[in-house]
Amino acid sequence: MNSPLASTPLFHIGPAPVTEAVVATWAIMAILVGGSAAITRRLSLQPSKIQAVCELVVDTVDGQIRDTMQLEPGPYRAFIGTLFAFIFVANWSSLVPGVQPPTAHLETDAALALLVFLAIIWFGIRAGGVRGYLATFATPSVVMIPLNLIEAVTRTFSLFVRLFGNVMSGVFVIGIVLSLAGLLVPIPLMALDLLIGAVQAYIFAILAMVFISSAIADPKPKKRTAP
Amino acid sequence: MNWLAFISIISAALAVSFGAIGPALAEGRAVAAAMDAIARQPESASTISRTLFVGLAMIETMAIYCLVIALLLLFANPLLK
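If you read the sequences in order, they're chains A and B. 6 is the number of the first residue of the first sequence in our numbering; add one for each residue after it. 9 is the number of the first residue of the second sequence in our numbering; add one for each residue after it.
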């Protein structure tokens with residue numbers, strides 16, 4: 006049985022090996038970018054069916070950002086929405102025969118978590134300046150500075166191990182069951198895998214929001230809207 | 009088979025089996041509490057179940073960490089190279 010931690014290179018561009026996961030990532034990127042460009046080229050006030058669906062998705066993302074971060078979603082919509090859309094499509098790409106989800110490989114997840122790590126710093130500095138961002142490490146008190154520094158690294162690590170473990174274990178279990186029991190038996194497991202994939206995409210986006218909002222220093226206390 | 013591989017396989021099995029106990033108990037408690045809350049307030053079922061799903065995935069992550077450790081021991085063990 007192949008190790009789930011290794012990845013097989015398909016071909017080489019110069020010295021850099023290009024693995025299956027990278028090709029799948031490129032395909033998903035092309036589909037997402039091409040689809041978004043094709044849909045948003047002809048926007049009208051009287052939305053067509055597909056435009057209505059996309060508006061519903063964007064509205065849902067906005068609502069989640071408002072609920073979780075207690076902020077206006079404007080600057081964060083693109084990043085969070087793209088993260089969610091990419092991970093969702095990547096997790097569900099196992100529906101296509103012969104395709105392994107790129108998120109079942111450690112490299113893709115590590116890259117996504119690194120993006121979140123950088124986005125936390127970027128949004129934190131943009132909202133409160135360098136001083137304001139550094140001051141968030143001293144919350145709730147100065148004693149917490151070492152712990153907060155460690156947490157900045159460990160939460161990024163746990164972010165990508167969580168996504169990797171969930172998606173990879175689904176692929177792995179399906180492979181084992183398929184080799185033991187054969188055709189049609191792993192279908193319930195595949196359905197469960199799709200559910201897990203959707204939930205993990207949601208959780209990744211939610212955690213990115215929580216981390217970003219924790220890096221944004223706000224001088225006034227957050228006002229909570231009544232549900 | 010040398011004794012390092014032997015110990016690695018046994019400890020991988022131990023990691024998964026004992027690592028599954030805690031999350032299993034915790035998920036049971038979380039679902040029971042959510043059921044209780046939904047039974048008391050059926051109108052807030054959507055919020056509760058959304059929070060429950062996120063919480064369950066967080067708890068499940070602990071078991072996944074153990075699985076990752078077990079796979080590291082089995083497939084990427086630095087001592088067996």
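Hints should not be assumed to be uniformly reliable.
What the hints assert, rightly or not - To be clear about the criterion: a stretch of chain B counts as covered by chain A if any three or more of its residues have a C-beta under 8 Å from a C-beta of chain A, and this derived list gives those stretches:
hint: 1; region: 60-67
hint: 2; region: 72-85
Unchecked claim - Listing some non-contacts, in silico: residues in chain A with all C-beta distances to chain B over 10 Å:
hint: 3; residue: Ala35
hint: 4; residue: Gly40
hint: 5; residue: Cys59
hint: 6; residue: Glu77
hint: 7; residue: Gly86
hint: 8; residue: Pro102
hint: 9; residue: Asn171
No lab work stands behind these hints, which were simulated from the structure alone. Here a beta-carbon is modelled for each residue, glycine too, at the ideal position from N, C-alpha and C.
(Q) Let me make sure I understand: some of the numbered hints might not hold for this structure. Which ones are they, in numerical order? (A) Hint 9 is the one this structure does not satisfy, whereas the remaining hints hold.
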